[in-house]
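Place chain C on chain H using the hints.
Residue-level listing of the chains:
There are 2 protein chains.
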Amino acid sequence: MTDSLLNERELSFQLYELQDTEALLQRPRYAEHDRAVFDATLETARGIAAEYFAPHNQKGDANEPTFDGRTISLIPETKVAWDAFAEAGFLAAHHDAADGGLQLPEVILRASMAYFNAANIATVAYSFLTIGAANLVKSFAGEELRQRFLPPMLDGRFSGTMALTEPGQGSALGDLRTSARPAGDGSYRISGQKMFISGGDHELTENIVHMVLARLDGAPAGTRGISLFLVPKFLVNPDGSLGARNDVALAGLLHKHGYRNTTSTVLSFGEHEGAVGYLVGEAGKGLSYMFQMMNEARIGVALGASSLAYQSFIHALDYARERPQGRLPGAKDPLAPQVRIIEHADVRRMLLQQKAYAEGSLALCLYASSLFEDAHTAPEETARREAGELLDLLIPMVKSYPSKYCVIASDIGIQVLGGSGYIREYPLEQYYRDNRLNPIHEGTEGIHGLDLLGRKLQQNGGAGYRLFLQQVRGALREAARDDHCAALGYVLAGALDRLQEVTENLLGQVAADPNLGLSNATVYLDLFGRVLVGWLWLRMALVASRALAAGATGSEADFYQGKLQAARYFIDWELASVDAQARLLGAGNRTSFDMRDSWF
Amino acid sequence: MTDSLLNERELSFQLYELQDTEALLQRPRYAEHDRAVFDATLETARGIAAEYFAPHNQKGDANEPTFDGRTISLIPETKVAWDAFAEAGFLAAHHDAADGGLQLPEVILRASMAYFNAANIATVAYSFLTIGAANLVKSFAGEELRQRFLPPMLDGRFSGTMALTEPGQGSALGDLRTSARPAGDGSYRISGQKMFISGGDHELTENIVHMVLARLDGAPAGTRGISLFLVPKFLVNPDGSLGARNDVALAGLLHKHGYRNTTSTVLSFGEHEGAVGYLVGEAGKGLSYMFQMMNEARIGVALGASSLAYQSFIHALDYARERPQGRLPGAKDPLAPQVRIIEHADVRRMLLQQKAYAEGSLALCLYASSLFEDAHTAPEETARREAGELLDLLIPMVKSYPSKYCVIASDIGIQVLGGSGYIREYPLEQYYRDNRLNPIHEGTEGIHGLDLLGRKLQQNGGAGYRLFLQQVRGALREAARDDHCAALGYVLAGALDRLQEVTENLLGQVAADPNLGLSNATVYLDLFGRVLVGWLWLRMALVASRALAAGATGSEADFYQGKLQAARYFIDWELASVDAQARLLGAGNRTSFDMRDSWF
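Protein chains in written order, with full-length UniProt numbering: chain H, 1 to 600; chain C, 1 to 600.
Treat the hints with caution; some may be incorrect.
Identical copies carry no separate label here, and so any pair may be met within one copy or between two of them.
[Said to hold, decoys possible] Taking lysine to aspartate or glutamate and the EDC-like style, the derived pairs with C-alpha atoms no more than 20 Å apart in a straight line are: (1) Lys285 to Asp83; (2) Lys332 to Asp513; (3) Lys79 to Asp68; (4) Lys404 to Glu206; (5) Lys59 to Asp83; (6) Lys138 to Glu282; (7) Lys285 to Glu381; (8) Lys59 to Asp3; (9) Lys404 to Glu574; (10) Lys79 to Asp34; (11) Lys79 to Asp155; (12) Lys138 to Glu386; (13) Lys404 to Glu17; (14) Lys332 to Asp451; (15) Lys285 to Glu143; (16) Lys285 to Glu32; (17) Lys404 to Asp482; (18) Lys59 to Glu77; (19) Lys404 to Asp68; (20) Lys285 to Asp333; (21) Lys285 to Glu574.
Calculated from the structure, these hints are not laboratory results.
Same shape as in the complex, but just chain H:
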């Protein structure tokens, strides 16, 4: 079996052919860098991922964290990997040089993370969460708090968590009950229970910084009453040394389907005197801060899904190329040698489907990262604003499409291997189990469907949606002039028409009756996601077509032919049901809405 992580050729296609990542070097923020720095960063990520993360991926799964009532035990390789990641500077890769960061573009950080996700998503989750928590501290904490907590989070002495969910509330953050009361010294005392907190306890770092959503005493009900607090596991003295243990207790470990080397915890805040917490930013703005960070977290989750799908794909491909079995349908001679299973068209169908999902999802995540980048560092104010509007619109699909379809890609990986895919002697079933978390955390499809149809489409007067249509139309115009892509563009144009019709129609339905109008929002989200990824596949096909026209040969020509064929697969087969879905949505199908509890 392969020990590859992702595919360097694919990543370079995505970064430098599909996107123009080199153009970022023109921006003042990246003027000190050059292409070689980007490539060296990716090479470092790949090397550390291969050396320190991949070798214990299976071991961490088979030996999940344990808690003896006092201490959590993780396999020791986890700490070695954490240190290697931190020492190479990846915790601070996108931070300012002034803060000790590498000041690298978002898309380079993401592409680096793809290697770590591919190698061992459960171990790198501690880093992923710390990066997210540090982003919150950096963006919203006051100067004193930031100086005390950010440096050790960037150099790896402290790790971080996002402590949102509670046992009684799940996706409805407005109902959270964890409380905060002023202690009189500028700090607060936090009390309550949080659940499903990844990385909520462990011994990897000196300290753990929990970013906790809680409700100030007397704050209004609902989302407007939620504030953000920084609650460390150990208090930190003004000189940076560690103080007393804070009143944050591990109430229990949860035992997951996959992603096992990441602790999933129930945390009790303030069982005794109350946990010391510090208000981050302004009271009542906790949820808005969290949402500003959530776009990054959601791209990150989607990228994790894409990376795991890619691993499933390359392992299945490797197996299909090596495993002899059976003969082609036309062969009648039982003495003829067996063929490798990749020679069966149905196996190629499965591999094409995996490729289409994994590479389409990867393209979507890196495109979203580039929008995030542009929203922050594009030279023109208009470009920054438009990138932000487009990203806001697309985030529901950016999160949901890879989370849904990359799990399917991992499932197909099991199927390609058959019985071998089903046993733990091969890595496919673990990729599946790890990947299955992704449609759950950072918002289920149901949540994102409501967000898209109930909010995002009409945000800023529909500006993001109009920008999306413009982008797709641009690619369609290019495709019309390209021999390889004209037919693909024609199909995508039809799907785009259906999307536009159904969008207009559904917005009318929502205005007339929100409950009924939103009842099929998840199906609409799926349809939109496929059109979006269809557009990315058309763009990949256009790049490939130009490269072939320019005379690519040998393995390069093969690579581009593969891109064209996967684009054909996607546009033929994955867009085929857009018409039917659009028809049912447009007709306001009431089947789910009308179903009653008592009828089940």
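Frame of chain H, contents of chain C only:
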């Protein structure tokens, strides 16, 4: 959480309203029985499943079998459950009274098995395999062999396995290499390695009877050279007492994704003097014997998938009815109480989808069982022949539809519970893992697609296919006269037209070029499966509509309304993409066929 197994009301609907199981009592074979015997059998199955199987389902998963080099250890509850199953007579439920059996109809045995599958599919697998092996002995072994081995297999002293697969061959049975040479005393010496043999070793029974496919020395290559041998773990003396240990060794245990309490083994036959084996039936007919039994095994696998999907459904339903979270889109007051998640239309959509897959699959399996029954015990020769032809045609869908869609139903169960679905503290993720085996064993979708399009459609001059069309048209005529069902029938009629067109078209493509014409056979299989299950949903809707018209009230009316709504869901949403699939198939889409290894 619920501790229910399946749903008695549903099973009674399937057996006595959708099917006319009572009519079997008219047949001479069942004349001694009455409806009360059928019901008591089901009640016994439910009771034993609940008392002896369900309680250790999670424990068996968490403590999989171990092998210390000498002995296999299973959790002790496994043996208690095996004994309870055997003592109640389920190993012999369908066998003749003269052989010590209960002489019950196939469909009653299957419905009983559904309870055991729902309770603990990994533990009941030992029984399932023994039933299959005993069927082979009963049908094809000579008198002496049958007398020596069948009684202890029916009373539970011996268990059985099906030893087909080898490491180098997988689905292509024609390439198996295990050899058999005559020993001169009428027995044979078997040598070779078998892999993925479920129940291949354990200490549950005094002896294990392996039904082994092997190749006689000098036999022709390919499938015609394969014979069937009975190879016991311990030799059995003519008086029935156990003799020496046979030369069958456990080479290793495999570690599965789910189904963990079933040992999955690598077995070595004849490492030393050669394993003693006895030819079953005639030389060279091994595969044809196996295929005659495979229809039963395939219905059994599909029923396992359906049972697990049903458990996923009822657990998700129970959770959705109890778990409060969030508010409906129109609600603006953050102080309003949370609603139970079943009040969200999207959760009802997921539950409807689960219900549609689980109940549709259950209906398909029990319908296939009734065809199996008719093929053997229908009074008229024509009816027996037609039932056999229809079953032969439909077996690829009977195996594949439940295996594919019931795994999706189990996946949806995880999603309904969200974070709780992902952790092992709830049973949903185990149902998923257990269910994931079903699309792999007893033939993958790829294998069944080729079987359907390359062989079954034209078998007996297309007789089975014509019978299927007649059956569906019969239901369509009924639907046209029914207020609730006319619109559903209209949609199904369109799907049937598409199926007919594409079938004719594809048969032409296959005749012109088998490799190309069969390249999308799996997609065709999926399309056919959805039309088939759509027909069963229409029939369920017709029964429900008649019951409502006849004045059903209260919970009975609710039950029938649920059937109608699930039929609407299935026919609206699951048949929606038939047109698009048929168009691509009809056009002979070449995407997968044309893809090349080097392009990946």
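- Task: Tell me, please, which holds for Lys404 and Glu574 at an alpha-carbon limit of 20 Å: within, between, both or neither?
- Result: both (14 Å within a copy, 18 Å between copies)
- Using 20 Å as the alpha-carbon threshold, which applies to Lys332 and Asp451: within, between, both, or neither? Between copies only: 15 Å across chains, 56 Å inside a chain, cut-off 20 Å.
- Given identical chains, is Lys332 near Asp513, meaning Cα to Cα at most 20 Å, within a copy, between copies, both, or neither? For Lys332 and Asp513, the Cα distance is within 20 Å only across copies (14 Å; inside one copy 62 Å).
- At most 20 Å between C-alpha atoms: does Lys285 with Asp333 qualify within a copy, between copies, both, or neither? Result: close only across copies, 19 Å inter versus 73 Å intra.
- Measure nothing new, just compare the shortest in-copy and cross-copy C-alpha distances for Lys79 and Asp34 to 20 Å and report within, between, both or neither. Answer is neither; intra-copy 32 Å and inter-copy 68 Å both fail.
- Which holds for Lys59 with Asp83 at a C-alpha limit of 20 Å: within a copy, between copies, both or neither? within (18 Å within a copy, 37 Å between copies)
- Intra- versus inter-subunit Cα pairing at 20 Å for Lys79 with Asp155: within (14 Å within a copy, 56 Å between copies)
- Task: Please work out whether the CA atoms of Lys138 and Glu386 approach to 20 Å or closer within one copy, between two copies, in both situations, or in neither?
- Result: neither (24 Å within a copy, 74 Å between copies)
- For Lys404 vs Glu17, is the C-alpha pair at or below 20 Å within one copy, between two copies, both, or neither? neither (26 Å within a copy, 38 Å between copies)
- Message: Reference check for the pair Lys404 and Asp68, CA-CA at most 20 Å: within, between, both, or neither?
- Response: Neither way: Lys404 and Asp68 sit 36 Å apart in one copy and 41 Å across, limit 20 Å.
- Task: Evaluate Lys285 and Glu381 at a C-alpha cut-off of 20 Å and name the case that applies: within, between, both or neither.
- Result: neither (25 Å within a copy, 78 Å between copies)
- Query: Under a CA distance limit of 20 Å, which applies to Lys285 and Glu574: within one copy, between copies, both, or neither?
  - Reply: neither (41 Å within a copy, 44 Å between copies)
Hint violations for this structure: numbers 1, 4, 7, 10, 12, 13, 16, 17, 19 and 21, all remaining hints satisfied.
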